[in-house]
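**Q** Letter by letter, the chains look like this.
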Amino acid sequence: MRTLLFIAACLAATLASLSCDPVHDSAVDALGAEAPGVSKGPKHRPGQPCITCHDGSLGSPQHFSVAGTIFLNQEDLTPANGATVTLISADNNTAQAVTNSAGNFYVTPQQFTPAYPMKVTVDYTGRVRAKMTSHVGRDGSCADCHTDPAGPTSAGHVFVPVDGVTP
Amino acid sequence: MSGRFFTRARALGLFVASTALVASSVNACNVPATDGRVVETAPDRATFAPVSALLERRCGSLDCHGQASRNLRLYGNEGLRLAQEGDASRPSSTVNTTDAEVTENYLSVVGLEPELMSQVVREGASNPLRLTLMRKPLGIENHKGGTLFQAGDSQVVCVTSWLAGHTDAVTCGQ
Chain A
1 MRTLLFIAAC LAATLASLSC DPVHDSAVDA LGAEAPGVSK GPKHRPGQPC
51 ITCHDGSLGS PQHFSVAGTI FLNQEDLTPA NGATVTLISA DNNTAQAVTN
101 SAGNFYVTPQ QFTPAYPMKV TVDYTGRVRA KMTSHVGRDG SCADCHTDPA
151 GPTSAGHVFV PVDGVTP
Chain B
1001 MSGRFFTRAR ALGLFVASTA LVASSVNACN VPATDGRVVE TAPDRATFAP
1051 VSALLERRCG SLDCHGQASR NLRLYGNEGL RLAQEGDASR PSSTVNTTDA
1101 EVTENYLSVV GLEPELMSQV VREGASNPLR LTLMRKPLGI ENHKGGTLFQ
1151 AGDSQVVCVT SWLAGHTDAV TCGQ
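For the record, the sequence lines run as chains A and B.
Residue numbering for the first sequence is 1 to 167, as defined by this note's numbering.
Residue numbering for the second sequence is 1001 to 1174, as defined by this note's numbering.
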């Protein structure tokens, strides 16, 4: 009887933890459905704040510590395939990730957990290097700040400056 | 019997209502000043710009205090911009931090804990740790952005010098 009660309590706690944050739930809902023809995986949802879902909470997909999308230019959302993203932690640890054909990259906590503030540079095709002007203060999702359209609250999506413009 | 009861009840109700009316009118005389600010001894705005530059750089990224929804909202070239009609201010744009943005940062800082800020300024900044502004970046109080200042470092010297009335602009720029 005591064992059954214990199991019931654990089950109740698990269920409660799965849906106990309405703010998180609404943030996930706000991202909308998957794009047509794109299934869940490394190439889905380019330009969205990855860690909204990949946050390591119970039931979430794979946990990312830093993740985002690099685009080729400021004007449209052509992905930068094969860009190398270098992350420099405040404790001088570094990590690198290469973007896929959707422009997405991600790093897991096992690979790299940054101490903030973190610096970021992006190299593309060996001839373009973009250094993020400011540091990242605490948020591992690029797209939490880099939202479109560019305006007073955002520099817009992350892009490599193939035309000489700093992202 | 019941008529007398209702008379007493009505009298009691009138007494309660009139007491509440008097109390509310007395309260109405004690409303805060219409400008809503209670800083009595504010630190100097004229010498705040180097301190603002430090706070913008260390605290004002878009994922921290460069967010419109956050306490101690900070504007600046590398973070949140103060939107002006038709201007081209963008985070990390070529438009440098404006004087209006420095003023907004000043108001954020002095408005955070105005009474304590007044006290610290009156004391000549002998105990700046009264301020959350100092305790959080020093890691003395829980801070989601972590520990950003170390006791005695140039950042602490910068902010403290401003609170003491003699901003050390050189140290602020380090």
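Derived by calculation from the structure, the hints in this document are not laboratory data.
Check before you lean on any hint, since a few could be wrong.
Said to hold, decoys possible - Result set (SDA-like, lysine to any residue): computed pairs, CA atoms no more than 25 Å apart in a straight line:
(1) K40(A) / I88(A)
(2) K119(A) / A1068(B)
(3) K1136(B) / R127(A)
As the list claims (entries may be wrong) - Computed list of chain A residues with no C-beta within reach of chain B, every gap over 10 Å:
(4) P117
(5) S134
(6) S154
To be verified - Residues of chain B placed beyond 12 Å of chain A at every Cβ, according to the derived structure:
(7) D1035
(8) G1066
(9) V1110
(10) H1143
Values in this document were obtained by computation on a predicted structure and should not be read as measured data.
By construction, the Cβ of each residue, glycine as well, lies at the ideal position given by its N, Cα and C atoms.
**Q** Work down the list of hints and note, for each, if the structure agrees.
**A** These are the hints, each one checked on the structure:
Between K40(A) and I88(A), the direct Cα distance comes to roughly 29 Å. Violation of the 25 Å bound is thereby established for this hinted pair. The straight-line distance between the Cα atoms of K119(A) and A1068(B) is roughly 23 Å, inside the 25 Å bound, and the hint therefore holds. With a CA separation close to 42 Å, the supplied pair K1136(B) and R127(A) exceeds the 25 Å bound. With a closest Cβ-Cβ approach of about 7 Å to chain B, P117(A) is found to fall inside the 10 Å limit, against its non-interface label.
Here S134(A) does not stay apart from chain B, with its beta-carbon only about 4 Å from theirs, under the 10 Å limit. Distance check on S154(A): its Cβ comes as close as 7 Å (rounded) to a Cβ of chain B, failing to clear the 10 Å threshold; non-interface status is violated. D1035(B), annotated as away from the interface, keeps every beta carbon of chain A farther than 12 Å; the closest lies near 26 Å. The beta carbon of G1066(B) sits about 8 Å from the closest Cβ of chain A, which is not more than 12 Å, so the claim that it is off the interface is violated.
The Cβ of V1110(B) sits about 23 Å from the closest Cβ of chain A, beyond the 12 Å cut-off, so the non-interface label holds. A Cβ of chain A approaches the Cβ of H1143(B) within 12 Å, the least distance being about 10 Å, so the stated non-interface status is violated.
In summary, the numbered hints that this structure violates are 1, 3, 4, 5, 6, 8 and 10.
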